[in-house]
Amino acid sequence: MPSGPGVSAELPLASQNGTRTLRTDPKAAPHAIDQETERPMPEITLTVNGTPQNLDVPANALLVDVLRDTLNLTGTHIGCDTSQCGACTVHLDGRSAKSCTVLAVQADGAHITTIEGLQSGATLHPMQEAFRKHHGLQCGFCTPGMIMAAVALVEDKPEIDEAGVRHGLEGNLCRCTGYQNIVAAVLDGARTMHSTKAGG
Amino acid sequence: MGIPTFDYIRPKSLGDARKAYDAAGDARYIAGGQTLLPVMKQRLAQPASVIDLGGIAGLSGIQVEGKSLTIGAMTRHADVAASPDVRRLIPALAHLAGLIGDPQVRNRGTMGGSLANNDPSADYPAAVLGLGAIVLTDSRSIAADEFFDGLFTTSLEESEIIRAISFPVPERAHYEKFAHPASRFALVGVMVSKGAEGVRVAATGAGQTGVFRVPEMEAALAKSFTAAAIEGITVPADDMIADMHASGAYRAQLVGVLARRAVAAIS
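Chains W and A, in that order, are what the protein sequence lines are. If you read the first sequence in the numbering used here, its first letter stands for residue 1, the second for the next number, and so on. If you read the second sequence in the numbering used here, its first letter stands for residue 1, the second for the next number, and so on.
Simulated from the structure, these hints should not be mistaken for lab results. Check the hints yourself; a few may be wrong.
To be verified - Straight-line C-alpha distance at most 20 Å; calculated DMTMM-like pairs for lysine to aspartate or glutamate:
| id | chain 1 | residue 1 | chain 2 | residue 2 |
| --- | --- | --- | --- | --- |
| 1 | A | K12 | W | E43 |
| 2 | A | K41 | W | D161 |
| 3 | A | K41 | W | D81 |
| 4 | A | K19 | A | E158 |
| 5 | A | K41 | W | E36 |
As the list claims (entries may be wrong) - Looking from chain W toward chain A, a few residues come up when the C-beta cut is under 8 Å (computed):
| id | residue |
| --- | --- |
| 6 | P42 |
| 7 | Q106 |
| 8 | A149 |
Note that the structure is predicted; figures quoted are calculated from it, not measured. Note that beta-carbon positions come from the ideal geometry of N, C-alpha and C, so glycine has one too.
Excised from the complex, chain W in its bound form (with noise of 0.2 Å):
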């Protein structure tokens, strides 16, 4: 069975020019046909986590989709699929966006951070070391879209305080903790991110 959008799951991935390419069938150029709508897939473009990839995929294929289905980064989650809970949020182009509110043709050329590009080797990022630190999670469901909200709230702003992560955090809901040790951990990464950044 397919394993997702403009995937086979009996074709190896090719390798061309140092990028990934997905396809169906790799010489239906320049589309591929979605086996169950029959039409044609617009191909894209997308640098996900530094790595671009070249996709075929439907029109009707949503961001999250690709990235779970296609690229198999199920970090980034689906919690409601409505843009309200923001546990799909992403970096498109380095600002926060909801990755289950985008159809993936819309981010054609664009650059995607998920959760899983955010590290540096076994480093974690200051962000998820602060969330660790202060367990600003429960269950954990909603931690990788909390964590790439709070990376791009706090990107340009050293001085944010308590209400500026709570009004920040507005799209982002947590059923578990209360968010207490979460806007404790923001602020705390926010801290060590631009000390880190100020000390070079």
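Since chain W is already given, all that's left is putting chain A on it; use the hints.
Same frame as chain W, now just chain A:
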């Protein structure tokens, strides 16, 4: 949840977009998609074609032109909220943009998309009507007073595309919003402005036919720009939206309260 499939078209010019729309018959334009995609998930819209305005150059950005600010239709809410020009010249507009939805929605949603949709609880209609803006389309200019035409309805022709919105810079203006605590839509929002063309008071979230002006308040404020001058001026509760979130009487009360707060903030 998924979305039923459609033909996806990404034109490079306004002319091509309109041709594609007219040729498709059953089409919808997509700008930021923060309303259209949820609506398509719910099957409230199932267009055969979706025409993406994201590939058309020149539809984003904010320009100061004499005594007005012109904002491209594809400009994201976050960019309106953060723009130094908007914050300096029409801080009420930057403030309003920063209250829409949440940060992720503001990073995707666009001014043109919001206006074309004309949700009765959206914020931008109050800005456009309350500041007396002009909606510039691919074919003409539409004054704010002529633009809004009832729930989810505007005077745009079927395939007409908003290109930009031109806001006259007011002497002063303020937007007061009572947000629904979950959705962040305006339960009621009131924009008050005072400028060369006089005083405007526009309320969103409240009216059964969408955004509306309050002429009695405008007349009173033209004589005396104080909160006290509009004390006792009410809007008919029967004309207000009544739903599980608030009664018509409650919304009518909020229109008065928020209008007085907005005036007090700038008088």
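* **Restraint status (C-alpha distance of K12 (chain A) to E43 (chain W) at most 20 Å)** => 17 Å, holds
* Taking 8 Å as the limit, does the beta-carbon of Q106 (chain W) come near enough to a beta-carbon in chain A? -> 6 Å, holds
* Would you check whether P42 (chain W) satisfies its interface hint, that is, whether its CB is within less than 8 Å of any CB in chain A? => Check passed: Cβ of P42 (chain W) comes within 6 Å of chain A, closer than 8 Å.
* Under the criterion that the straight-line Cα-Cα distance not exceed 20 Å, is the pair K19 (chain A), E158 (chain A) satisfied? -> 12 Å, holds
* 20 Å limit on alpha-carbon distance, applied to hinted pair K41 (chain A) and E36 (chain W) -> Since the Cα atoms of K41 (chain A) and E36 (chain W) sit roughly 18 Å apart, the hinted pair holds (cutoff 20 Å).
* Between K41 (chain A) and D161 (chain W), is the straight-line Cα distance small enough, at 20 Å or below? -> Outside the cut-off at roughly 36 Å; violated.
* Asked: Regarding the hint that A149 (chain W) lies at the interface with chain A, is the smallest CB-CB distance below 8 Å?
  -> 7 Å, holds
* Is the Cα-Cα distance between K41 (chain A) and D81 (chain W) 20 Å or less? -> At roughly 9 Å apart (the allowed maximum being 20 Å), D81 (chain W) and K41 (chain A) satisfy the hint.
Hint check: a violation occurs at hint 2 only; the rest are consistent with the structure.
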